[in-house]
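Student: All chains should be built: construct the whole structure from the sequences, respecting the hints.
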Amino acid sequence: DVKVTQSSRYLVKRTGEKVFLECVQDMDHENMFWYRQDPGLGLRLIYFSYDVKMKEKGDIPEGYSVSREKKERFSLILESASTNQTSMYLCAAWGADRYQPQHFGDGTRLSIL
Amino acid sequence: RKEVEQDPGPFNVPEGATVAFNCTYSNSASQSFFWYRQDCRKEPKLLMSVYSSGNEDGRFTAQLNRASQYISLLIRDSKLSDSATYLCVVRGRETSGSRLTFGEGTQLTVNP
Numbered sequence: 001d002v003k004v005t006q007s008s009r010y011l012v013k014r015t016g017e018k019v020f021l022e023c024v025q026d027m028d029h030e031n032m033f034w035y036r037q038d039p040g041l042g043l044r045l046i047y048f049s050y051d052v053k054m055k056e057k058g059d060i061p062e063g064y065s066v067s068r069e070k071k072e073r074f075s076l077i078l079e080s081a082s083t084n085q086t087s088m089y090l091c092a093a094w095g096a097d098r099y100q101p102q103h104f105g106d107g108t109r110l111s112i113l
Numbered sequence: 001r002k003e004v005e006q007d008p009g010p011f012n013v014p015e016g017a018t019v020a021f022n023c024t025y026s027n028s029a030s031q032s033f034f035w036y037r038q039d040c041r042k043e044p045k046l047l048m049s050v051y052s053s054g055n056e057d058g059r060f061t062a063q064l065n066r067a068s069q070y071i072s073l074l075i076r077d078s079k080l081s082d083s084a085t086y087l088c089v090v091r092g093r094e095t096s097g098s099r100l101t102f103g104e105g106t107q108l109t110v111n112p
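Heads up: the sequence lines are chains E and A, in that order. Residue 79 in the numbering used here is what sits at position 79 of the first sequence, and the numbering runs on without skipping anything. Residue 73 in the numbering used here is what sits at position 73 of the second sequence, and the numbering runs on without skipping anything.
Read the hints as simulated data drawn from the structure, not as lab findings. Where a beta carbon is used, it is the ideal one built from N, C-alpha and C, also for glycine. Please note that a few of the clues may not be correct.
In the PhoX-like style, the derived pairs of lysine-lysine whose C-alpha atoms are separated by at most 25 Å in a straight line are [what the hints assert, rightly or not]:
1. Lys45(A) / Lys71(E)
2. Lys2(A) / Lys55(E)
3. Lys13(E) / Lys42(A)
4. Lys2(A) / Lys3(E)
5. Lys3(E) / Lys42(A)
6. Lys18(E) / Lys55(E)
7. Lys2(A) / Lys57(E)
Anything over 12 Å on all C-beta distances counts as not near chain E; from chain A, calculated [to be verified]:
8. Pro8
9. Arg59
10. Asn65
Tutor: What follows is the structure in structure tokens.
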């Protein structure tokens with residue numbers, strides 16, 4: 001079974017800090033994703049990556065960057081955290097098969113004070 | 001118009017009821033379709049894929065109507081444990097770099 005691990009379940013940071021959210025998957029999947037989920041807005045895609053060192057912007061990339069130096073690891077970076085980035089962040093991994101589901105990590109509940 | 005639209009609910013039904021959720025998608029090139037389930041404060045998990053001919057998994061039946069760009073999920077004999085948010089999910093291109101688009105979810109509460 002695919003395992004997607006996010007480094008922190010809960011995180012509290014201050015405005016202006018640089019924040020790193022880490023995600024690791026153990027199934028050699030090509031595709032990895034970062035979402036945020038907010039009440040009334042559902043899951044929104046921030047960035048995704050379909051290969052090492054490759055990245056594509058999702059729907060809401062502003063204020064975020066990503067890094068994929070190794071296939072198993074996909075990092076989300078908040079360059080200068082702001083209070084409107086307080087949210088639940090979910091990482092997902094996905095193979096290339098047509099009907100293969102995305103597997104999600106447990107999520108990181110991030111609060112920016 | 002949103003790419004994937006669902007009735008947000010909430011749906012409140014008694015145990016044993018049959019409940020149906022609907023979902024429409026705007027991109028006619030969409031290739032794959034899924035229903036995910038998300039419990040409160042948990043990550044989304046795959047409930048079932050939706051195949052062109054429709055498919056059933058126990059009490060759950062999924063249907064796809066490509067002409068109308070419409071997906072449905074039917075839950076029969078609802079259980080208390082079915083209480084969750086159900087997400088309609090659509091996949092775009094088949095080539096690498098494709099992505100899933102999630103609906104906002106339909107909240108279901110099954111009452112004793």
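Student: Now tell me if each hint is right for this structure.
Tutor: Verification of the hints:
1. Lys45(A) / Lys71(E): 22 Å, holds
2. Lys2(A) / Lys55(E): Holds, at roughly 24 Å.
3. Lys13(E) / Lys42(A): 22 Å, holds
4. Lys2(A) / Lys3(E): Measuring from Cα to Cα gives roughly 31 Å; hence the hint is violated.
5. Lys3(E) / Lys42(A): Since the Cα atoms of Lys3(E) and Lys42(A) sit roughly 15 Å apart, the hinted pair holds (cutoff 25 Å).
6. Lys18(E) / Lys55(E): 20 Å, holds
7. Lys2(A) / Lys57(E): Roughly 18 Å between the alpha carbons, so the hint for Lys2(A) and Lys57(E) holds.
8. Pro8: Not fine: 8 Å to the nearest Cβ puts Pro8(A) too close to chain E.
9. Arg59: 20 Å, holds
10. Asn65: 18 Å, holds
Violated hints, in rising order: 4, 8; the structure is consistent with all others.
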